[in-house]
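K.L.:
Residue numbers (our numbering), protein chains in the order written: chain A, 20 to 361; chain B, 20 to 361; chain C, 20 to 361.
Nothing false has been slipped in among the hints.
Treat identical chains as interchangeable: a pair holds within one or across any two.
Straight-line Cα separation of at most 25 Å, SDA-like style, residue types lysine to any residue; simulated pairs: (1) Lys155 - Asp330; (2) Lys60 - Val86; (3) Lys155 - Asp329; (4) Lys155 - Asn325; (5) Lys60 - Gln360; (6) Lys155 - Pro208; (7) Lys155 - Pro336; (8) Lys155 - Glu35; (9) Lys155 - Leu341; (10) Lys155 - Gly335; (11) Lys155 - Asp334; (12) Lys155 - Asp144; (13) Lys155 - Leu342; (14) Lys155 - Ala331.
Think of the hints as simulated: they come from the structure by calculation, not from any bench.
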Amino acid sequence: MSASTASLHHLLDWHELDDALWFDRIDAALRHHRDRTWSQKARGKSLGLVFFNPSLRTRTSMELAGVELGAHVTTINVGQGTWGFAWEDGVVMDGTEAEHIREAVGVLSRYYDALGVRVFASGTDYERDRDDVLLKTFAGAASVPVINLESAFYHPCQALGDAATLMTRFDGQVAGKRFVLAWATHPRPLPMAVPNSALLAAARLGMHVTVARPDAYALDPGIMEQARRHAASLGGSVEETNDLDAACEGADVIYAKAWAGPLRYTDPEREASLRTETYRDWRITADRMARTRNGAFMHCLPVRRNVVVDDAVLDGPHAIHLLQAEFRLHAQKAILEYVWQL
Amino acid sequence: MSASTASLHHLLDWHELDDALWFDRIDAALRHHRDRTWSQKARGKSLGLVFFNPSLRTRTSMELAGVELGAHVTTINVGQGTWGFAWEDGVVMDGTEAEHIREAVGVLSRYYDALGVRVFASGTDYERDRDDVLLKTFAGAASVPVINLESAFYHPCQALGDAATLMTRFDGQVAGKRFVLAWATHPRPLPMAVPNSALLAAARLGMHVTVARPDAYALDPGIMEQARRHAASLGGSVEETNDLDAACEGADVIYAKAWAGPLRYTDPEREASLRTETYRDWRITADRMARTRNGAFMHCLPVRRNVVVDDAVLDGPHAIHLLQAEFRLHAQKAILEYVWQL
Amino acid sequence: MSASTASLHHLLDWHELDDALWFDRIDAALRHHRDRTWSQKARGKSLGLVFFNPSLRTRTSMELAGVELGAHVTTINVGQGTWGFAWEDGVVMDGTEAEHIREAVGVLSRYYDALGVRVFASGTDYERDRDDVLLKTFAGAASVPVINLESAFYHPCQALGDAATLMTRFDGQVAGKRFVLAWATHPRPLPMAVPNSALLAAARLGMHVTVARPDAYALDPGIMEQARRHAASLGGSVEETNDLDAACEGADVIYAKAWAGPLRYTDPEREASLRTETYRDWRITADRMARTRNGAFMHCLPVRRNVVVDDAVLDGPHAIHLLQAEFRLHAQKAILEYVWQL
Numbered sequence: 020m021s022a023s024t025a026s027l028h029h030l031l032d033w034h035e036l037d038d039a040l041w042f043d044r045i046d047a048a049l050r051h052h053r054d055r056t057w058s059q060k061a062r063g064k065s066l067g068l069v070f071f072n073p074s075l076r077t078r079t080s081m082e083l084a085g086v087e088l089g090a091h092v093t094t095i096n097v098g099q100g101t102w103g104f105a106w107e108d109g110v111v112m113d114g115t116e117a118e119h120i121r122e123a124v125g126v127l128s129r130y131y132d133a134l135g136v137r138v139f140a141s142g143t144d145y146e147r148d149r150d151d152v153l154l155k156t157f158a159g160a161a162s163v164p165v166i167n168l169e170s171a172f173y174h175p176c177q178a179l180g181d182a183a184t185l186m187t188r189f190d191g192q193v194a195g196k197r198f199v200l201a202w203a204t205h206p207r208p209l210p211m212a213v214p215n216s217a218l219l220a221a222a223r224l225g226m227h228v229t230v231a232r233p234d235a236y237a238l239d240p241g242i243m244e245q246a247r248r249h250a251a252s253l254g255g256s257v258e259e260t261n262d263l264d265a266a267c268e269g270a271d272v273i274y275a276k277a278w279a280g281p282l283r284y285t286d287p288e289r290e291a292s293l294r295t296e297t298y299r300d301w302r303i304t305a306d307r308m309a310r311t312r313n314g315a316f317m318h319c320l321p322v323r324r325n326v327v328v329d330d331a332v333l334d335g336p337h338a339i340h341l342l343q344a345e346f347r348l349h350a351q352k353a354i355l356e357y358v359w360q361l
Numbered sequence: 020m021s022a023s024t025a026s027l028h029h030l031l032d033w034h035e036l037d038d039a040l041w042f043d044r045i046d047a048a049l050r051h052h053r054d055r056t057w058s059q060k061a062r063g064k065s066l067g068l069v070f071f072n073p074s075l076r077t078r079t080s081m082e083l084a085g086v087e088l089g090a091h092v093t094t095i096n097v098g099q100g101t102w103g104f105a106w107e108d109g110v111v112m113d114g115t116e117a118e119h120i121r122e123a124v125g126v127l128s129r130y131y132d133a134l135g136v137r138v139f140a141s142g143t144d145y146e147r148d149r150d151d152v153l154l155k156t157f158a159g160a161a162s163v164p165v166i167n168l169e170s171a172f173y174h175p176c177q178a179l180g181d182a183a184t185l186m187t188r189f190d191g192q193v194a195g196k197r198f199v200l201a202w203a204t205h206p207r208p209l210p211m212a213v214p215n216s217a218l219l220a221a222a223r224l225g226m227h228v229t230v231a232r233p234d235a236y237a238l239d240p241g242i243m244e245q246a247r248r249h250a251a252s253l254g255g256s257v258e259e260t261n262d263l264d265a266a267c268e269g270a271d272v273i274y275a276k277a278w279a280g281p282l283r284y285t286d287p288e289r290e291a292s293l294r295t296e297t298y299r300d301w302r303i304t305a306d307r308m309a310r311t312r313n314g315a316f317m318h319c320l321p322v323r324r325n326v327v328v329d330d331a332v333l334d335g336p337h338a339i340h341l342l343q344a345e346f347r348l349h350a351q352k353a354i355l356e357y358v359w360q361l
Numbered sequence: 020m021s022a023s024t025a026s027l028h029h030l031l032d033w034h035e036l037d038d039a040l041w042f043d044r045i046d047a048a049l050r051h052h053r054d055r056t057w058s059q060k061a062r063g064k065s066l067g068l069v070f071f072n073p074s075l076r077t078r079t080s081m082e083l084a085g086v087e088l089g090a091h092v093t094t095i096n097v098g099q100g101t102w103g104f105a106w107e108d109g110v111v112m113d114g115t116e117a118e119h120i121r122e123a124v125g126v127l128s129r130y131y132d133a134l135g136v137r138v139f140a141s142g143t144d145y146e147r148d149r150d151d152v153l154l155k156t157f158a159g160a161a162s163v164p165v166i167n168l169e170s171a172f173y174h175p176c177q178a179l180g181d182a183a184t185l186m187t188r189f190d191g192q193v194a195g196k197r198f199v200l201a202w203a204t205h206p207r208p209l210p211m212a213v214p215n216s217a218l219l220a221a222a223r224l225g226m227h228v229t230v231a232r233p234d235a236y237a238l239d240p241g242i243m244e245q246a247r248r249h250a251a252s253l254g255g256s257v258e259e260t261n262d263l264d265a266a267c268e269g270a271d272v273i274y275a276k277a278w279a280g281p282l283r284y285t286d287p288e289r290e291a292s293l294r295t296e297t298y299r300d301w302r303i304t305a306d307r308m309a310r311t312r313n314g315a316f317m318h319c320l321p322v323r324r325n326v327v328v329d330d331a332v333l334d335g336p337h338a339i340h341l342l343q344a345e346f347r348l349h350a351q352k353a354i355l356e357y358v359w360q361l
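So here's chain A without its partners, still in its complex pose (with noise of 0.2 Å):
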């Protein structure tokens, strides 16, 4: 259905909306966890997901979320009996894409009340990933509000799940804890939309955060100052170091995640090189978290068992990955309200 474009709830990221907005979208997150009964609340909507990459629970949590509020909704996997698309404005289509992105998404803006989309970094234009350039050309082809599932640089669905997470790990006692951001050695380049969406969570929860990670896997500049920015407002506080070990002292949480970081774009060789072999250690095992202070480990999943992190940790008493994806459910259905406005 078509609407006023100027006054659509998207939500692209978190770092464009208000705190108040994400605390209250937190409080909906845990009440979703408290009390997850069907209501028919969103009932005459219709939700469709197109997904350019592949998902398992976002898919499926961003389904049910959709239904469990009564609407509709309808998975796209883009290249599986649909269409490919083209992009770019002004271009000659007599290639191998049948159909602009501006007509699908103005045609599905006609069938749905919201659409969500999926759509991965490049891996090699640094630019276009940090300004999400696929996202936005989605979300302004759209007459509906537009969520996003996963972007090149952020994934905020992610981000309100693991910020409820937190919440009920700690009974609402998060501001002040410590949470550590550990990067982990990987087969392939990930993007970086899940450690950025973490660090700007943990940071906006007012928690002291630790980026641990070697020194060629720096964070985008401009989301180390976000990062800060908001710590700073709660008395959090953000800060990087290249020692995984003496990160781990004391943690209060330990998020483990796998990136390539900028140099994937500039010298994807020798990132690989780094990322296999020099930092193979780089992984989470039960001496690591013998150091915190009975630290929860997270992950947003899927994670590598036995590379990222050690069958111990992940089946020990202090994994909370579990958890941490049953709250995508919760968040979403937070989500859905906000974009919705039920």
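Got chain A sorted already, so can you dock chains B and C onto it with the hints?
P.N.:
Chains B and C in isolation, oriented as in the chain A frame:
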């Protein structure tokens, strides 16, 4: 659910059905456009959609059409998580196909209250395509109503949506307006289902229809004759020309569409050369639109920007392709009401 | 939704469950056949179906079974828009699989109230297939009930549907009837889940069962022994023969099925040669059906026409394969009622 097949209300194409039903269903589509609410008219019914070819609009709009009437809808993309199917009578199935269409459709008829099927033209056997052999084989194996979601030769969902779009554009005063079906260049040899259906729809509304196309791109004589019969009853007409610019003069509607035509079946190399080189200027430009009488631009989508039509036209004030796409939803609700006699 | 796993009502196979439940669920399936109405018994519940192998009947009938009880159902085709999964304990996940089944199933258990899973036989490791290692790994990782949608060795949905079909065909007088499980030639080496399940189902109904198969195609000794135990309790019997024509004499049911048997695991080349050449006449023909006592023809589908069975049989009056397929829906409603204790 099985039923006596004698009384089945299939929708294979409108030309098999009488005028009263055609105009009644246009009215129903217009009603659904004015009042898009979810009902429970089809509660307890289910619809299975079988796609042998890709789809974006048809899949999503048909799914929502069913859901908004209270039905359950399943989309099946053949070859994605299903077996392949054999179609011929008497075949010894020792090859790659694991199931005969007779069993597949027979089984689905036990589960669903109606089936939709999309099965495109072969592009190699003109007689089989013209006679819609695969669609008819599918329908013949069904014991529930079958809806054609685009077959080799017809696209009745598009036809009804287009007719209702035209009624909306001209406030019901469609008879006597000038409708140009404008052939377009295209990198791929597209089938004739949409041009056939658009032609028949415009003619049946009593429009003065001009098929503007290069000499080698004649539509089927049987279709042309049917269109003339349709047009005659409301004072319309059907003519052909190979002069696109002249056709555009004073037109009320330019309906652009690429098709490969009968030459594809007999001399595909020459056809490709004509389509992509000789006639590459058969494109709807702002200049051509300027020749019309504030004419509307229509296209069934997906459309190749700057190949079939220029950005300036698609993004301009007279393009109604998104409204046309939206009407697919409303039209298909009207079709479901017919096949289920709601 | 998670729950205490001790009290989970999985449906991995019927042979693990007692006779009372088996016969009660047959009755439930027959009730759903007599009265196919949508209820709200499972309103507020959701079902996730995970397919590692293709499906037409199972996917659609299970989806409708859930929907017609008021539940929400999601179908996940692994590898189509999802990550690949690792299955082994202790594996170092530095290869292509991005997620361990333990996390995948753990997460889905947080979202869904039950999970279905289809995971076929490896065809290379007999012991693992016989012990249904993958199915058990999946179920072991779940905190909600798991339904077997066809595993390496069992197909309990098919078994229950077949049992209810037989009850319908013989007006409840099934015990003592003659049931022939007839091996058939086939271009592909098919697994044993269906023959195992059909054999066990017929035996448990007290039928006189004959497994007609070439010498090299014995079913597993454990299955045969279980079938004999089942049959004994209601006065039935289980025997084997390598003479298909003789087996057909006076039979009440011919249940045709191709399977590759244990030889597939030890000498696949010889197995293929036996299956496709030596025994290529193991096909159900009209002549063979004429030897029966107006015997019914059954097959689980998909079936290869004129390879496994002749057109004349499938299109004749004694074929009940479509009724059998329909009963999948009714049986699966009965299974959902069991796993959710509705």
